[in-house]
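Please build the complex by placing chain A on the supplied structure of chain R, with the hints as guidance.
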Amino acid sequence: MTDPVPFRPYVPGTQPAYDSPEYRSTGLRHPKQTLVKLAHTVTETTGPQFSPSHFPPRADLSVHEGKIALGERIIVRGRITDEDGRPVPHTMIEIWQANAAGRYDHPGDTHDAPLDPNFRGDGRVFTDADGWYEFVSIKPGAYPWRNHHNAWRPNHIHFSYFGPGFASRLITQMYFPGDPLLALDPIFQVIPDEAARNRLISTFDLAVTRPEWALGYRFDVVLRGRGATPMENP
Amino acid sequence: MPAATASQTVGPYWHLIEDKTWADATRFGATGEKITFTGTLTDGEGALIPDGCVEIWQSDPPASETFPAFARARTGIDGSFRIVTLKPGPVPGRGNTQQAPHIAVTILARGLVKALFTRAYFEGDPLNANDPLLSSIEDETRRATLIAHPRGAGIWHLDIRLQGGNETVFLDI
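Sequence order for the protein chains is R and A.
Note that the working numbering numbers the first sequence so that position 56 is 56, with each residue one more than the last.
Note that the working numbering numbers the second sequence so that position 166 is 166, with each residue one more than the last.
With the rest of the complex left out, here is chain R (with noise of 0.2 Å):
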């Protein structure tokens, strides 16, 4: 039986490494033994797939029950490909937020600004044939944590990724160009590697733009692509 190509290793300095003192809560919630190293088999090359008639779409967080929400309203355009550029078909994205007040509508969030009744913040669209996705929603606003004195959150959306595989799941942040809360982000920062970091910037598109309407961000995403294993190498 031939082995599964596995997903290729990520680039070094790409992603977080789970010890991020900068970022507090990392403190007591990263393993402090090496990780055990598994060469991928069925279990991590296959993964969840997700289908609209199981998981209806919800593209328009900027509606709720038919009101509008507050804030300035956004088109985020964006296309999933893999490492090798090719694009990732018909995969679901997860989408939550703060409001543009930059509360969530969550109970954990205390923070003393309003809530919006007709703004939830969650959404999930899917890629079409050819990795490209789109939704509506609000600009959120930033918000104050407890990380450090004075620490504020960038304004960022979240997204959740499966991909292909079990082995390809990403969940990451977007934000905006020219917030100056990125440079004092820990959580932003925890990337070592500053185009890595760069990337999860989104950039304004006129060609997203919808005239007399809303502005356009375009953010794209590339999953993890497959590695030629071991043996199939010459």
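Check the hints yourself; a few may be wrong.
[What the hints assert, rightly or not] Cut-off 20 Å, straight-line C-alpha distance, at most; resulting in silico cross-link-like pairs (DMTMM-like, lysine to aspartate or glutamate):
id, chain 1, residue 1, chain 2, residue 2
1, R, Lys32, A, Glu33
2, A, Lys87, A, Glu33
3, R, Lys32, A, Asp172
4, R, Lys67, R, Glu212
5, R, Lys67, R, Asp122
6, R, Lys139, R, Asp60
7, R, Lys32, A, Glu45
8, R, Lys67, A, Asp159
9, R, Lys37, A, Glu138
10, A, Lys20, R, Asp105
11, R, Lys37, A, Glu45
12, A, Lys20, R, Glu212
13, R, Lys32, A, Asp139
14, R, Lys32, R, Asp19
15, R, Lys139, R, Asp205
16, R, Lys32, A, Asp159
[What the hints assert, rightly or not] What follows is a list of derived Cβ distance ranges for each label pair:
id, chain 1, residue 1, chain 2, residue 2, range
17, R, Gln49, A, Glu140, 33 to 39 Å
18, A, Ser135, R, Lys67, 54 to 60 Å
19, A, Glu65, R, Pro12, 39 to 45 Å
20, R, Thr110, A, Ile155, 32 to 38 Å
21, R, Arg24, A, Glu18, 23 to 29 Å
22, R, Asn147, A, Pro50, 39 to 45 Å
Rather than coming from a laboratory, the hints here were simulated on the basis of the structure.
Where a beta carbon is used, it is the ideal one built from N, C-alpha and C, also for glycine.
Only chain A this time, still in chain R's reference frame:
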């Protein structure tokens, strides 16, 4: 070609995308041997983690229209999670080996800058002895952190310790 996009923490508010029905992988009408997979998440001081996200994936039984082979659950105030799924059987390993029945587990939480991966095997399964991953872990105490214990009919329990004494074996995949 660019490298894979960098990971960021799931944060404390991921529950906005939580759908509690997702904790039951059999909800679309799957048939087979149903099991309940329970456990707790604890941190380096033994404190229960109340805001974690536990996801499972299994390559057996194969995913189908009635069985996504995937589930997601939150940990509660008591750090515990509860997932319903079908009991997996053995699957092939690399190089003509056989893997003992197992569930692949993903842990996401505030304070985790990227996902943690581990596995749950089943105590008493005769195939555990020859499982390639279990066999590769020489320290018996470490190996035991991957074995779920029976807790009554159809219930399997695994405590997952992110750090410190008897830390769970996490996988570099």
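Satisfaction of hint between R:Asp205 and R:Lys139, Cα-Cα up to 20 Å: holds (15 Å)
Beta-carbon spacing of R:Asn147 to A:Pro50 - inside the hinted bounds 39 to 45 Å or not: Violated, at about 19 Å.
Pair hint outcome, A:Lys87 versus A:Glu33 [Cα-Cα no greater than 20 Å]: Satisfied, since the Cα-Cα distance of roughly 6 Å is no more than 20 Å.
Restraint check for R:Lys37 with A:Glu138, where alpha carbons must lie at most 20 Å apart: holds (13 Å)
Proposed proximity, A:Asp172 with R:Lys32 (alpha carbon, max 20 Å): Holds: R:Lys32 and A:Asp172 sit about 13 Å apart, inside 20 Å.
Satisfaction of hint between A:Glu45 and R:Lys37, Cα-Cα up to 20 Å: violated (26 Å)
Restraint status (C-alpha distance of R:Lys32 to A:Asp159 at most 20 Å): holds (17 Å)
Straight-line alpha-carbon gap R:Lys32 to A:Glu45, limit 20 Å: holds (13 Å)
A:Lys20 paired with R:Asp105 [C-alpha distance capped at 20 Å]: Satisfied, since the Cα-Cα distance of roughly 17 Å is no more than 20 Å.
Cβ distance range 23 to 29 Å for R:Arg24 and A:Glu18, holds or violated: About 25 Å separates the Cβ atoms of R:Arg24 and A:Glu18, which means 23 to 29 Å holds.
20 Å Cα cutoff - pair R:Lys67, R:Glu212: holds (19 Å)
Range hint compliance [Cβ, A:Ser135 to R:Lys67, 54 to 60 Å]: For R:Lys67 against A:Ser135, whose Cβ atoms are near 59 Å apart, the range 54 to 60 Å holds.
When each numbered hint is compared with the structure, violations occur for hints 1, 8, 11, 12 and 22.
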